[in-house]
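Construct the entire structure; sequences and hints are all you get.
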Amino acid sequence: MPIRLLPPNLVNQIAAGEVVERPASAVKELTENAVDAGATRIDITLNDGGKSLIVVVDNGSGMTPRDLEVAVERHATSKLPSDDLLDIGFLGFRGEALPAIGSISRLTVTSRTADADSAWYMMVAGGQKQGPVPAPHPRGTRVEVRDIFYATPARLKFLKTATTELSYVIDVVERLAMAHPEIAFTVTVDGKSRLNLPAAHTQGDLFDIHLERLTAILGKEFGANAVPVAAEREGLKLYGYIGLPTLNRGNAMAQYLFVNGRPVRDRMLQGAVRAAYQDVLASNRYPYVVLFLEVPRTEVDVNVHPAKAEVRFRDAGLVRGLLIGAIRHTLAESGHRASSSIATATLGAFQPGTVQQNRPFMTRPAQAFGAARTLESTMAENGLGESPSLFLTQPSAPDTTAESISGETFPLGVARAQVHETYIVAQTGDGIVIVDQHAAHERLLYERMKQSLGNGGIKRQLLLIPEVVEMDEGSAGRVLARAAELSELGLVIESFGTGAVAVREVPALLGEGDVAGLLRDLADELAEWDEAMSLKERLADVCGTMACHSAVRAGRRLNPTEMNALLRQMEVTPNSGQCNHGRPTYVELKLSDIERLFGRR
Amino acid sequence: MKIVIERAALLKSLGHVQSVVERRNTIPILSNVRIDAAKGNMSLHATDMDIEIAESTAADVGKGGATTTPVLTLYEIVRKLPDGAQVELTTSSDGGQIALAAGRSKFTLACLPVEDFPAMSGGDLSHSFKLGAADLRGLIDRTKFAISTEETRYYLNGIYVHATKSDGVNVLRAVATDGHRLARVEVPLPDGAAGMPGVIVPRKTVGELRKLIDETDADIEISLSDAKIRFGFDNVVLTSKLIDGTFPDYERVIPSGNDKTLEINRKDLANAVDRVSAISSEKSRSIKMACEKGMITLSASSPEAGSATEEVEASYAAGQLEIGFNSRYLLDILQQVEGDAARFSMSDAASPTIIRDVADGSAVYVLMPMRV
Numbered sequence: 001m002p003i004r005l006l007p008p009n010l011v012n013q014i015a016a017g018e019v020v021e022r023p024a025s026a027v028k029e030l031t032e033n034a035v036d037a038g039a040t041r042i043d044i045t046l047n048d049g050g051k052s053l054i055v056v057v058d059n060g061s062g063m064t065p066r067d068l069e070v071a072v073e074r075h076a077t078s079k080l081p082s083d084d085l086l087d088i089g090f091l092g093f094r095g096e097a098l099p100a101i102g103s104i105s106r107l108t109v110t111s112r113t114a115d116a117d118s119a120w121y122m123m124v125a126g127g128q129k130q131g132p133v134p135a136p137h138p139r140g141t142r143v144e145v146r147d148i149f150y151a152t153p154a155r156l157k158f159l160k161t162a163t164t165e166l167s168y169v170i171d172v173v174e175r176l177a178m179a180h181p182e183i184a185f186t187v188t189v190d191g192k193s194r195l196n197l198p199a200a201h202t203q204g205d206l207f208d209i210h211l212e213r214l215t216a217i218l219g220k221e222f223g224a225n226a227v228p229v230a231a232e233r234e235g236l237k238l239y240g241y242i243g244l245p246t247l248n249r250g251n252a253m254a255q256y257l258f259v260n261g262r263p264v265r266d267r268m269l270q271g272a273v274r275a276a277y278q279d280v281l282a283s284n285r286y287p288y289v290v291l292f293l294e295v296p297r298t299e300v301d302v303n304v305h306p307a308k309a310e311v312r313f314r315d316a317g318l319v320r321g322l323l324i325g326a327i328r329h330t331l332a333e334s335g336h337r338a339s340s341s342i343a344t345a346t347l348g349a350f351q352p353g354t355v356q357q358n359r360p361f362m363t364r365p366a367q368a369f370g371a372a373r374t375l376e377s378t379m380a381e382n383g384l385g386e387s388p389s390l391f392l393t394q395p396s397a398p399d400t401t402a403e404s405i406s407g408e409t410f411p412l413g414v415a416r417a418q419v420h421e422t423y424i425v426a427q428t429g430d431g432i433v434i435v436d437q438h439a440a441h442e443r444l445l446y447e448r449m450k451q452s453l454g455n456g457g458i459k460r461q462l463l464l465i466p467e468v469v470e471m472d473e474g475s476a477g478r479v480l481a482r483a484a485e486l487s488e489l490g491l492v493i494e495s496f497g498t499g500a501v502a503v504r505e506v507p508a509l510l511g512e513g514d515v516a517g518l519l520r521d522l523a524d525e526l527a528e529w530d531e532a533m534s535l536k537e538r539l540a541d542v543c544g545t546m547a548c549h550s551a552v553r554a555g556r557r558l559n560p561t562e563m564n565a566l567l568r569q570m571e572v573t574p575n576s577g578q579c580n581h582g583r584p585t586y587v588e589l590k591l592s593d594i595e596r597l598f599g600r601r
Numbered sequence: 001m002k003i004v005i006e007r008a009a010l011l012k013s014l015g016h017v018q019s020v021v022e023r024r025n026t027i028p029i030l031s032n033v034r035i036d037a038a039k040g041n042m043s044l045h046a047t048d049m050d051i052e053i054a055e056s057t058a059a060d061v062g063k064g065g066a067t068t069t070p071v072l073t074l075y076e077i078v079r080k081l082p083d084g085a086q087v088e089l090t091t092s093s094d095g096g097q098i099a100l101a102a103g104r105s106k107f108t109l110a111c112l113p114v115e116d117f118p119a120m121s122g123g124d125l126s127h128s129f130k131l132g133a134a135d136l137r138g139l140i141d142r143t144k145f146a147i148s149t150e151e152t153r154y155y156l157n158g159i160y161v162h163a164t165k166s167d168g169v170n171v172l173r174a175v176a177t178d179g180h181r182l183a184r185v186e187v188p189l190p191d192g193a194a195g196m197p198g199v200i201v202p203r204k205t206v207g208e209l210r211k212l213i214d215e216t217d218a219d220i221e222i223s224l225s226d227a228k229i230r231f232g233f234d235n236v237v238l239t240s241k242l243i244d245g246t247f248p249d250y251e252r253v254i255p256s257g258n259d260k261t262l263e264i265n266r267k268d269l270a271n272a273v274d275r276v277s278a279i280s281s282e283k284s285r286s287i288k289m290a291c292e293k294g295m296i297t298l299s300a301s302s303p304e305a306g307s308a309t310e311e312v313e314a315s316y317a318a319g320q321l322e323i324g325f326n327s328r329y330l331l332d333i334l335q336q337v338e339g340d341a342a343r344f345s346m347s348d349a350a351s352p353t354i355i356r357d358v359a360d361g362s363a364v365y366v367l368m369p370m371r372v
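These protein sequences, in sequence, are chains L and X. Per the numbering used here, residue 1 is the first one in the first sequence, and the count goes up by one each step. Per the numbering used here, residue 1 is the first one in the second sequence, and the count goes up by one each step.
No lab work stands behind these hints: they were computed from the structure. Please note that the accuracy of each hint is not assured.
[Stated by the list, open to error] Just so you have them, the derived chain L footprint on chain X, three or more residues with Cβ under 8 angstroms:
hint	stretch
1	83-90
2	265-277
[To be verified] A few chain X residues facing chain L, derived, Cβ under 7 angstroms:
hint	residue
3	Pro248
4	Ser286
5	Pro303
6	Met370
7	Arg371
8	Val372
[Stated by the list, open to error] Here are the simulated distance ranges between beta carbons:
hint	chain 1	residue 1	chain 2	residue 2	range
9	X	Arg252	L	Glu299	44 to 52 angstroms
10	L	Ala252	X	Glu292	52 to 60 angstroms
11	L	His329	X	Ser351	37 to 45 angstroms
12	L	Ala483	X	Thr309	28 to 36 angstroms
13	L	Ala252	X	Gly15	53 to 61 angstroms
14	L	Arg568	X	Ser351	45 to 53 angstroms
15	X	Asp116	L	Ala502	46 to 54 angstroms
16	L	Ala502	X	Pro255	16 to 24 angstroms
Note that the Cβ used here is the ideal one computed from N, Cα and C, for glycine as well.
Okay, structure coming up:
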């Protein structure tokens, strides 16, 4: 059979296979076009999860009739003005979306530029063009996609249910909306409004408008527990919001990463986030992050994936370093803050207030108060500046007492009592704090141990018989490429011929461990996350166990001086708000919350 | 089967065989001891499928026979019987139970058929020789500490025993290492051991054997092939599988060009190391040893606890050297040195150090330094 060039329609259908996988991909392409057209409002309408109808209407720059005609041709775009693939300033650039969608569906495009006196209409069905003809439409573009995949029944068969397809669409729109808070987005599904994101107010700084949009999408909980990140290094700019470690979830779904405004799911970036949180979260918990990375266009290649979900950086190490550094720094700055969702949960536990639930709580105050009574004399002795009588006669006047002991100057307040020999209750300027003494002390010791590891360097045991670990060539290469980084952590390796790695020195802390297993884990992680975490994890495990053993136990009675010392240390220690697994070390209840509990507000 | 035996004799034999039995078993019969009685003699067998210990002892056998019964229960009962009691063991007619009677105490234990008891065939043991108990103890004691516990390097989980030449003399040599340190001990080659295959004796076997030979002065009869080893003395026979693996070429890691020699009182050094390492809070307990003319300075520090130094007199003439060690490892080795003085041969802070007993050339210890 002779070799021949495929007809253009078939070529487009093949391209559609790459670019348009499911209705969500079509929505993504069309919405990105609208963003690129400078729209300030984008309305998306879907029927049947997008399977029967997708309409994307924007108020952007619009197209002339000539543009319209060319736009539905393959590799036609206005977004590469300088013909330089290294200089990509728009979300799209491949010029594939419209023809690809047109080749597999019934596509109509109606568009009007600002200075045109009418709109023009163009139709493509199964690759056949009709138009352009004049039509009524305000400024902007309306793209209608009906019966997607009708021309490729095989693909149609593999679509999931309307609900599932819809959730993909929503995810796509949400990601774009996060990156563009200045644009209003609406999604209407089967006639009902599903998503309505008004344009965020453009005044105020960049952070505020992003947070407004993020809160609208990710929920109030994120808004209350997110801290802003901002960092810049060698022309790279990183900004966004990251959730406190105590706000975590079981999968990586809540990680939104953007490169130059483009939503990406990049392995390397996800690995960096994981590495940055490694110390404060258990390995099976994932943080909430929304990060925007701005990279000079020449430093990043976005043309590596048809749907542009992956990108490639010229200097990946720099990007990773920036990300990890900025997140760690921000987490350390936010210091001992634990997420307010915990306080909310605590209140929730109190509030339903059926009699039965309340009973144990009601019987305890006497006991707790008794403990406080035995302590107050010691408190006075230790010069806490409070007479026992004041404490006894005015337990219900927190405002004055708080002032008299200047609780405001200490974020975690002044210890009032220890209950059940396990929890410290402290009074702050505007509420109370309940501290889990064991978890808190454990974290303090752990942080100190890490610091001394960092200062003194990790001691390394040289191996008498170097352990040769055989693995596949790729894995060996990946691990060896990070040899310098690993040697800082005490693991010295070198190449031992093809596909083999010789381990010369191991961290003394690990003792006689399974070195081969460790190396294989590292190789796997490098392949999956581009990040070597097992070694740090194992070292942290050893430190964690040691910290746990030497921390004060639950059940140990602490005197007020000890309790206050613990609180003061927590205030100055980074990451003291959660234990090594992301559980909180303390809960804060605002006075207003407590008043609400008693119906005073 | 019907046996009458003095409690002390039964207890001693049971004590020897029971320790090989695992406390938890998925195969019930492995919890049992096999009892054979014939002609004034009773023999006990216990096994974990890798090691088998058999011991025979004189008994008043009324009727010969064989059975198996849970060894730990039997051992506990016999242990609690009064001193000097005569123990009578009788199997029921159907073989399903065994009755134990001593004085007024009576017990009945369940039995499992003797045919199901796994027999460990000796197979062909190609080489056989005799070694004095004291020599064998010396080989084990001075190498055991270095056996690796890391299961992934299974071939290091035992003592490598082989015949070789050392300075032109034929020797039987035992070597153990965990990759951080190594111990090599040798004794003159016994008759019959020439040409024996090099074998790796598993850690558990070493432990069991060491317990068995603790008090004996008899020569130990050792027979082995490349898959099994058997130790026999008095009335006890221990048969064990060997680790099927290749022991690394350990000679390669014992340096020959270490020119910095240090001689030091063993006890003084051990005590000083022990004291100084008290300050080191981390798990590895690292310690630094600075050698200069006529003395060494040991030091350790930890950010929390502070620091410690101690000087120890020594005979040292080479150039200054500072070297770090895991103090546990160092103490382990110093404990094996029986003479008054230990000799260190060093090269630099990153190369293996050799430690010897000045009075006894049969043992060599190699220790890899730490980077501190």
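Hint by hint, here is what the structure shows:
1. 83-90: violated (count 0)
2. 265-277: The restraint on the stretch 265-277 of chain X is violated, since only 0 of its residues have a Cβ under 8 angstroms from chain L and three are required.
3. Pro248: holds, 5 angstroms
4. Ser286: holds, 5 angstroms
5. Pro303: With a minimum Cβ separation of about 4 angstroms from chain L (threshold 7 angstroms), the hint on X:Pro303 holds.
6. Met370: holds, 5 angstroms
7. Arg371: holds, 4 angstroms
8. Val372: Holds - the Cβ of X:Val372 comes within 7 angstroms of chain L, reaching about 5 angstroms at its closest.
9. X:Arg252 - L:Glu299: 44 to 52 angstroms: Distance hint for X:Arg252, L:Glu299 holds at roughly 49 angstroms.
10. L:Ala252 - X:Glu292: 52 to 60 angstroms: holds, 57 angstroms
11. L:His329 - X:Ser351: 37 to 45 angstroms: About 41 angstroms separates the Cβ atoms of L:His329 and X:Ser351, which means 37 to 45 angstroms holds.
12. L:Ala483 - X:Thr309: 28 to 36 angstroms: holds, 35 angstroms
13. L:Ala252 - X:Gly15: 53 to 61 angstroms: holds, 58 angstroms
14. L:Arg568 - X:Ser351: 45 to 53 angstroms: holds, 48 angstroms
15. X:Asp116 - L:Ala502: 46 to 54 angstroms: holds, 48 angstroms
16. L:Ala502 - X:Pro255: 16 to 24 angstroms: holds, 18 angstroms
Checked against the numbered hints above, the structure breaks hints 1 and 2 and satisfies the rest.
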